[in-house]
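Protein chains in written order, with the working numbering: chain V, 310 to 449; chain L, 170 to 751.
Everything labelled a hint here was simulated from the structure, so no lab data went into it.
The beta carbon of each residue, even a glycine, is placed where N, CA and C say it ideally should be.
Please note: incorrect hints may appear among the correct ones.
Claimed, not checked - Partner residues aside, some chain L positions facing chain V, computed with beta carbon under 8 Å: (1) Gly235; (2) Tyr236; (3) Phe270; (4) Phe295; (5) Thr347; (6) Tyr348; (7) Asp373; (8) Pro385; (9) Leu387; (10) Thr396; (11) Ala453; (12) Ala455; (13) Tyr479; (14) Gln481.
Claimed, not checked - Among the chain V residues that face chain L by a calculated CB cut under 7 Å, a handful are: (15) Lys337; (16) Met354; (17) Ala355.
What the hints assert, rightly or not - The following residues of chain V were derived to be distant from chain L, with all beta-carbon distances above 12 Å: (18) Met310; (19) Ser314; (20) Ala332; (21) Leu339; (22) Gly352; (23) Cys366; (24) Ser381; (25) Arg392; (26) Lys400; (27) Ala429; (28) Pro432; (29) Val443.
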Amino acid sequence: MKKLSAARMEQCIGCHSCSLACARLVHKQLSWNKAGIRIRSSGGMAAGFEAKLCLACSPAPCAEACPTGALSQRKGGGVIQKRKLCIRCGKCAAACPVDAIFLDHLVNPYVCIHCGRCVAFCPHDCLEMKEISVKEEGAS
Amino acid sequence: MIRDFFRVSVVDLDSGRMNVAEHEGRDLVAGGGGLAAMLFREYGHADRPWDDPDQPLIFAIGPLTGYFPLMSKTVCAFKSPYHDQYSESHAGGRSALSMRFGDMDALVIKGRARRLSALCIGARRFEIRDVEFLRGRDTLSSGKILRSMFPGSGRRSMLRIGPAGENGCAYACINVDTYRHFGRMGAGGVMGSKNLKAIVILGDRGFALPETPAYPKLFQTLYQQLTDTEIMNKYHGLGTAVNVAPLNELKSLPWRNLQATHDPEPGGITGEKMAEERLLRNAACAGCPVGCIHIGYIREQFKKNYQYRYRQVGYDYELLFAVGSMLGVTDSFNALQLMDTVELMGLDVMSAGVALAWATEALEKGILTEEQTIVPLRFGDAANYEKAIVHLGRAENDFYALLARGTLKAASVLGGADFACVLGQEMAGYATGEVFFVAEALGFRHAHLDTGGYSYDQKHEDKDVRRAVDFLVEDEKKRCFLTAMVSCLFARGVYGDDMLGQALESVGYARLAQDQDSVGENIQRLRWRTRIETGYDPDAVDIPKRYQEVVTWKGEVDPEYMAALKREYARRIRELGKPPEE
Chain V
310 MKKLSAARME
320 QCIGCHSCSL
330 ACARLVHKQL
340 SWNKAGIRIR
350 SSGGMAAGFE
360 AKLCLACSPA
370 PCAEACPTGA
380 LSQRKGGGVI
390 QKRKLCIRCG
400 KCAAACPVDA
410 IFLDHLVNPY
420 VCIHCGRCVA
430 FCPHDCLEMK
440 EISVKEEGAS
Chain L
170 MIRDFFRVSV
180 VDLDSGRMNV
190 AEHEGRDLVA
200 GGGGLAAMLF
210 REYGHADRPW
220 DDPDQPLIFA
230 IGPLTGYFPL
240 MSKTVCAFKS
250 PYHDQYSESH
260 AGGRSALSMR
270 FGDMDALVIK
280 GRARRLSALC
290 IGARRFEIRD
300 VEFLRGRDTL
310 SSGKILRSMF
320 PGSGRRSMLR
330 IGPAGENGCA
340 YACINVDTYR
350 HFGRMGAGGV
360 MGSKNLKAIV
370 ILGDRGFALP
380 ETPAYPKLFQ
390 TLYQQLTDTE
400 IMNKYHGLGT
410 AVNVAPLNEL
420 KSLPWRNLQA
430 THDPEPGGIT
440 GEKMAEERLL
450 RNAACAGCPV
460 GCIHIGYIRE
470 QFKKNYQYRY
480 RQVGYDYELL
490 FAVGSMLGVT
500 DSFNALQLMD
510 TVELMGLDVM
520 SAGVALAWAT
530 EALEKGILTE
540 EQTIVPLRFG
550 DAANYEKAIV
560 HLGRAENDFY
570 ALLARGTLKA
580 ASVLGGADFA
590 CVLGQEMAGY
600 ATGEVFFVAE
610 ALGFRHAHLD
620 TGGYSYDQKH
630 EDKDVRRAVD
640 FLVEDEKKRC
650 FLTAMVSCLF
660 ARGVYGDDML
670 GQALESVGYA
680 RLAQDQDSVG
690 ENIQRLRWRT
700 RIETGYDPDA
710 VDIPKRYQEV
720 VTWKGEVDPE
730 YMAALKREYA
740 RRIRELGKPP
750 EE
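Using the sequences and the hints, build the whole thing.
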């Protein structure tokens, strides 16, 4: 089980290639919002950039808030998304503590599924896919 | 494709309302510079002055914007306060992608707001707010306030002006997302004349992708070429600043108001020195993985006991020429400090540097007095240049208000036209020879990027007028098509005819893919026709005497060759700008 992290954002040049790649390859969209990773400046370009993406919480508050199972807990952290089950209530985005879920104007949620397809499109090596240990429920 | 026609947001600052207009013509003008010229013909007034409230300020993107890397620029078109003729300026930042995702191929702004205002526009947003409290504010502190007024970080582009734009400076720029600019020809002055301090574009829509397998495959190929190969190394590594040392060695770097083209001690302003000693990091326009924006730092002690402030300042070749070599400033901290002050005032850095270089020589020669310049301008004296830049941006007295209209305007009143380094507008940093001097003086934007004239000079020693002008005309045509896309011109090595054709076809513009040459020529003719209708006469452009005194690697400039080039290029431009036959 792997986890995507924006491990080296101080190297980010703000090109949005990762977001555009996620939208293009995962969501079949031309967009920089409809993506599991979004880039923003942190108070103007001079302050550098930050990435908005799922931090792979376990348990994931967004999955707990989802009333239909469209988002369910992924082992080790993060969520599995089943778009067909989504009723677009937006509760997932409200529950996310780090504003990592984007809702479009039709309240469709876009969340990182840790597939790592964006990594190859970061020209500055800011992103990282790392194996995460999956703890069995009840294990200490 | 998203659509085969143009969707244009037309904002009227008089009424405070917006209209969405649809225009045909994609297969004839493509987008960018072609679309902008077409829209000027629809919304502009060739016979009225640039600051007539009804004149439009136009922003346009291209058919590939957002779809492919480095299709990351926006064309801004307007009647210029510099010469009262139709002109264009190009910039990147997030502007192009914000417009794409704001669902507009172009934005046309007409009218004049009653008070200083900010426009916020997006796919689902339109708002004009009073920002009279920002009057006189510099671009940096304005940006901070505007960011909190119009949230949307990451999907927002912010265009704003400084005091120079509000004061009607003929070479005020529009700052785009802090590190990019619609710099040349005074777009900032046009915004100022409209009482428009800022334009915030929210890119908050998405679009379905083409379903053909060709598109993702081609994207991958292009992305790899732009990131994994050597092609873009120059722009990412040292950046365009890499040009300082070789152009100095080639006797083509203007020094101290072009009194020399070489200096044995370029000091800290070479690309290598800048990178080793001052470079903090790179940045990029949205949609471009290259990262050509180079950001350096300045650090100043403002109080005893080790109290410092610091700033991050973008630098490039043209900036290092304009406030570095042209002013005889070779200390990198000093050069960055001047760039920062120019930025705060919202001036075009090339025009401001060249104008102050002229003023320095004019003061030396007794044409100006210290009473006029307020501070004693001396080549190399950065502290006084910093004060002068503020005076210029704020149009502090009659002299600075006059200089803010252009160096040749000031010289026509005060004298000293012979040594004004003006090629249509204050020159770019390539004293490479006759072809460049003529190309920039007569070129459409008076920019070094209208054609590769500077490059032609560096490769050809012969004096074949016909061959040189053929090159300028053909090169311009190709660039017209690229800037209709609107591609960054750094990518021209990657986006050749074949690659552009494939890209256009993969997103559904098969006709444009096939007609690149004829569409390029159509745009070229349309732009010249529009320019000439607004009063441009290529024969009336003067090349000041200073350019006959220049010595390059080829030796002294040949005035007769230069005059012949000018005559022939003017003839070709007039031919290109003729009205079409019935």
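Evaluated hints:
The beta carbon of L:Gly235 comes within 6 Å of a beta carbon in chain V, closer than 8 Å, and the hint placing it at the interface holds. The beta carbon of L:Tyr236 comes within 7 Å of a beta carbon in chain V, closer than 8 Å, and the hint placing it at the interface holds. Contact between L:Phe270 and chain V, as hinted, is supported at the beta carbon level, the nearest pair being about 6 Å apart and thus within 8 Å. Annotation: interface hint on L:Phe295 violated; nearest CB of chain V at approximately 15 Å, more than 8 Å.
A distance limit of 8 Å between C-beta atoms decides the matter here; for L:Thr347 the minimum to chain V is near 4 Å, and the interface restraint holds. The criterion of a C-beta within 8 Å of any C-beta in chain V is met by L:Tyr348, whose closest approach is roughly 6 Å, and the hint holds. Given the 8 Å rule on beta carbons, the hint for L:Asp373 holds: about 7 Å separates it from the nearest Cβ of chain V. Interface hint at L:Pro385: satisfied, since its Cβ lies 7 Å from the closest Cβ of chain V, which is below the 8 Å cut-off.
Interface restraint check for L:Leu387: the shortest CB-CB distance to chain V comes to about 12 Å, outside 8 Å, so the restraint is violated. Look at L:Thr396: its Cβ gets to within about 5 Å of chain V, closer than 8 Å, so that hint holds up. Interface hint status for L:Ala453: upheld, as the beta-carbon distance to the closest one in chain V is roughly 4 Å, under 8 Å. A least Cβ separation of about 5 Å between L:Ala455 and chain V falls short of the 8 Å threshold, and the interface hint therefore holds.
Of the supplied interface hints, the one on L:Tyr479 is violated, with its beta-carbon coming no nearer than about 10 Å to a beta-carbon of chain V, more than 8 Å. Given the 8 Å rule on beta carbons, the hint for L:Gln481 holds: about 5 Å separates it from the nearest Cβ of chain V. With a least beta-carbon distance of about 5 Å to chain L, the hint placing V:Lys337 at the interface is held under the 7 Å criterion. Interface restraint check: V:Met354 against chain L, minimum CB-CB distance 4 Å, threshold 7 Å, status holds.
At a threshold of 7 Å, the smallest CB-CB gap from V:Ala355 to chain L is about 5 Å, leaving the interface hint in force. Every CB of chain L is more than 12 Å from the CB of V:Met310 (nearest about 27 Å), matching its label as outside the interface. Once the 12 Å rule is applied to beta carbons, V:Ser314 is consistent with being away from chain L; the minimum gap is 18 Å. The claim that V:Ala332 lies off the interface is violated: its Cβ sits roughly 7 Å from the closest Cβ of chain L, which falls inside the 12 Å cut-off.
Separation of V:Leu339 from chain L is inadequate, the least Cβ-Cβ distance of about 4 Å not exceeding the 12 Å criterion. Against the 12 Å criterion, V:Gly352 falls within the reach of chain L, whose nearest CB is about 7 Å from its own CB. Under the 12 Å C-beta cut-off, the non-interface status given to V:Cys366 relative to chain L holds; the minimum distance is some 22 Å. Every C-beta of chain L lies more than 12 Å from that of V:Ser381, the closest at about 25 Å, which supports listing it as non-interface.
With a cut of 12 Å on Cβ distances, V:Arg392 stays outside the contact zone with chain L, its closest approach being about 15 Å. Interface exclusion of V:Lys400 from chain L stands, the closest Cβ pair being 21 Å apart, more than 12 Å. With 12 Å as the threshold on Cβ separation, the claim that V:Ala429 sits away from chain L is violated: the shortest Cβ distance comes to roughly 9 Å. A beta-carbon of chain L comes within 12 Å of the beta-carbon of V:Pro432; the shortest separation is about 4 Å.
For V:Val443, the condition that its CB be more than 12 Å from all CB atoms of chain L holds, with the nearest at approximately 32 Å.
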